[in-house]
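Undergrad: The residues making up each chain are set out below.
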Amino acid sequence: MIQQILFVFLAAVAIYFFTKKVMSIRRNILLGKDEKLNDNPNLRWKNMMLFALGQKKMFKNSLVAVLHFFVYAGFIIINIEILEIFLDGILGTHRLFLPILGTRLYSILISCFEILAVLVIVGCAVFLTRRNITKVNRFTKPELKGFPFRDANIILITEIVLMTLFLTMNACDFIFSLDYKLDNYQHFDGGVVSFYVASFVLLPFKFNNETLEVIERTCWWFHIAGIFAFLNYLPYSKHLHIILAFPNSFFARLNPVGQMENMVSIQKEVVLSFQPERASEFPADEASMKFGAKDVKDLSWKSLMDAYSCSECGRCTAACPANQTGKKLSPRKIMMDTRDRLEEVGNNIDKHGMDFTDNKTLLGDYVSVEELRACTTCNACVEQCPILISPLNIILELRRSLVMEDSNVPNEWAMMFGNMENNQAPWKFSNEDRANWIKS
Amino acid sequence: MGVKIMSEMFAAGESPEILFWVGCAGSFDQRVQRITKSFAEILNKVGVSFAILGSEEACTGDPARRAGNEFVFQMLAYQNIQTLNNYNIKKIVTTCPHCFNTLKNEYSALGGNYEVSHHSTFLQELIDAGKIKIKEGGSMKGKKITFHDSCYLGRANNIYEAPRKVLEALDADLVEMKSCRSNGLCCGAGGAQMFKEDEPGDKRINVARAEEAIATGASTVAAACPFCMIMWEDGVKQKNAEAQIELKDIAELIAERMS
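From first to last, the protein sequence lines stand for chains B and H. Start counting at 1 in the first sequence, then tack on 1, and there's your number in our numbering. Once you know that position 152 of the second sequence is 146 in our numbering, the rest is easy, because the numbers rise by one and skip nothing.
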């Protein structure tokens, strides 16, 4: 009974804090500008199935993709087992589903989970090696120093620990079930369960039944407490992608990636300067017109969701031509900066209310001009992202603010703009000479 | 060379099958003019009726928009759409992927709706229809050739096969660079980078790309973008590989070898 009360209390606290954080993330994302992204639902569902569930883009590197798929499938499927653990915790039962499903089916199911658990451990071990020993290039970039690097290790180690606890817990029950006739463990009256994988874990050791029960209970509690803790770590971590990958690929922009969003306010100004009679075609002016994005609130809500969804894998940065040739730009850093700044803005709202300004902005305080200037808009980062994030959208919006709000333009571009305005070409040639090539 | 100007055609009450959008590099850059001429020559040979806008063509505004200057983009787009709509243009073909992307994907939101193709697709269709034939001795058999994917053709508009099919018509030995197709490495020109120096770093992007081409051992690098061509010329020069690597647009390769 005490265990049940303790469990319900723990579960309630974990779910309360998780929900609270999720709601604050939702609010933060909705601080972004409106963008309609709910057309063509069929294609959107297909994208979600293909890219989030099917992890299509991960398969550009099949070894990593398979390992990642193990860890992911393990996570999803072992969650079915967590349902049982959860109900056991509330009802004070032990392996509630065993009598319902029958010893045979139950054993098969649990054995499958155990195989997955072993694959998860293998996957996580390989990933830890790639990050800490072989040091894959994209995991050693400057933006991963400090918390992001620890974050990845914390996630991988936690998963290994949780899976080990799960296997050990099953191993205890397996040994008990061998002894079921002795009736020293009341829950096992259904015959011998065959947990094929876990049976190897503790068999070599000779524990007496009291010790086994202590081990089993300890593992059970640490496992579920670990899961509650992990649940609450998730929203602060890059691991949030396991949830947000789904809505993020659903709401991904469907336009060709080369297409930039039209700025209706400027289109209106230009068209009306030539044809004032077309005023009715355009919406009325907004109270404050701002060009591009200086801070996170000026970005589309989708870009903000992109930022929270980013798993900091760095495939974008590894493919970026600017980054490959030693420039400061890293598309992953753009995503991480956007999330960090958005969290900061969110915390400010929690502490000081909606209207508070800290005189900081994403552009300048987080992302430098040099980074923005290095982008060739080649879309390599967009192409690489397994969950359809667009770092380029943020870069281009920040560039718009830099040029149109701050008039911060390198000399060569100032000349280019001048030529385009005066000669209709980026170079200083007279437009009258455009067809000269015909004559030669 | 028998190229008609749209205004003159319009005055004579004629209308062309297609409008050839030449682009700024195609009009003014001496190297890229050769691509323009090659494509015009092909059109003439196969008997496609076409016209160019000449002095009425303005930059599509792509570099300004991507640098962040929406005003300049909107002004040029307005001007071009007025011109194109006045002439009732329906079909456009262009040798520049940047112009292609802007005309095809961005002008429609501003009232400019056209059927736009890039010359790679256009040439592929002419080859498929049997209208372009390679002359005897025109084959590149035994020669290694590699194709550089332009970002605005490939990733931006998903055109990877058309230019390769054009090259297949030449029977050359097509080899791929380390990064190709959707993983293709940029030449370094996009997003108005072409018009300014690289930001500080270890090396220039076009040099990194030239190194990939040199590693393939190809004697010809084929491109399908005037900006790429200009960047490549410089990148290959920086690596002192001009003698070893010939740079050609797919239109030039076809024009030199068609019967």
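You may find that some hints are simply not true.
Calculated lysine to aspartate or glutamate pairs in the EDC-like style (CA-CA distance at most 20 Å, straight line) [as the list claims (entries may be wrong)]: (1) Lys61/B x Glu8/H; (2) Lys190/H x Glu413/B; (3) Lys440/B x Asp196/H; (4) Lys329/B x Asp196/H; (5) Lys(-2)/H x Glu413/B; (6) Lys440/B x Glu50/H.
A short list of chain B residues far from chain H (calculated; beta carbon distances all over 10 Å) [as the list claims (entries may be wrong)]: (7) His69; (8) Arg218; (9) Gly227; (10) Ala230; (11) Gln268; (12) Ser281; (13) Asp286; (14) Leu330; (15) Arg374; (16) Leu403; (17) Trp414; (18) Met417; (19) Trp428; (20) Trp438; (21) Ser441.
Think of the hints as simulated: they come from the structure by calculation, not from any bench. All C-beta atoms, glycine included, are put in the ideal place defined by N, C-alpha and C.
Undergrad: All the hints need checking, so say for each whether the structure fits it.
TA: Verification of the hints:
1. Lys61/B x Glu8/H: Violated - the C-alpha atoms of Glu8/H and Lys61/B are around 52 Å apart, more than 20 Å.
2. Lys190/H x Glu413/B: Since the Cα atoms of Lys190/H and Glu413/B sit roughly 5 Å apart, the hinted pair holds (cutoff 20 Å).
3. Lys440/B x Asp196/H: 43 Å, violated
4. Lys329/B x Asp196/H: 10 Å, holds
5. Lys(-2)/H x Glu413/B: 34 Å, violated
6. Lys440/B x Glu50/H: 17 Å, holds
7. His69: 19 Å, holds
8. Arg218: Holds, since 52 Å exceeds 10 Å.
9. Gly227: 39 Å, holds
10. Ala230: It holds; Ala230/B is separated from chain H by about 39 Å at its closest Cβ, greater than 10 Å.
11. Gln268: About 5 Å separates Gln268/B from the closest Cβ of chain H, which leaves it inside 10 Å; violated.
12. Ser281: 14 Å, holds
13. Asp286: The claim stands: Asp286/B keeps its Cβ more than 10 Å from every Cβ of chain H (closest is about 16 Å).
14. Leu330: 7 Å, violated
15. Arg374: The assertion about Arg374/B is violated, with a minimum of 5 Å to chain H.
16. Leu403: Since the minimum Cβ distance to chain H is about 6 Å, Leu403/B lies within 10 Å and the statement is violated.
17. Trp414: Violated, since 5 Å does not exceed 10 Å.
18. Met417: 4 Å, violated
19. Trp428: Incorrect as stated: the minimum Cβ-Cβ distance to chain H is 6 Å, not above 10 Å.
20. Trp438: Answer for Trp438/B: violated, closest chain H Cβ roughly 4 Å.
21. Ser441: 8 Å, violated
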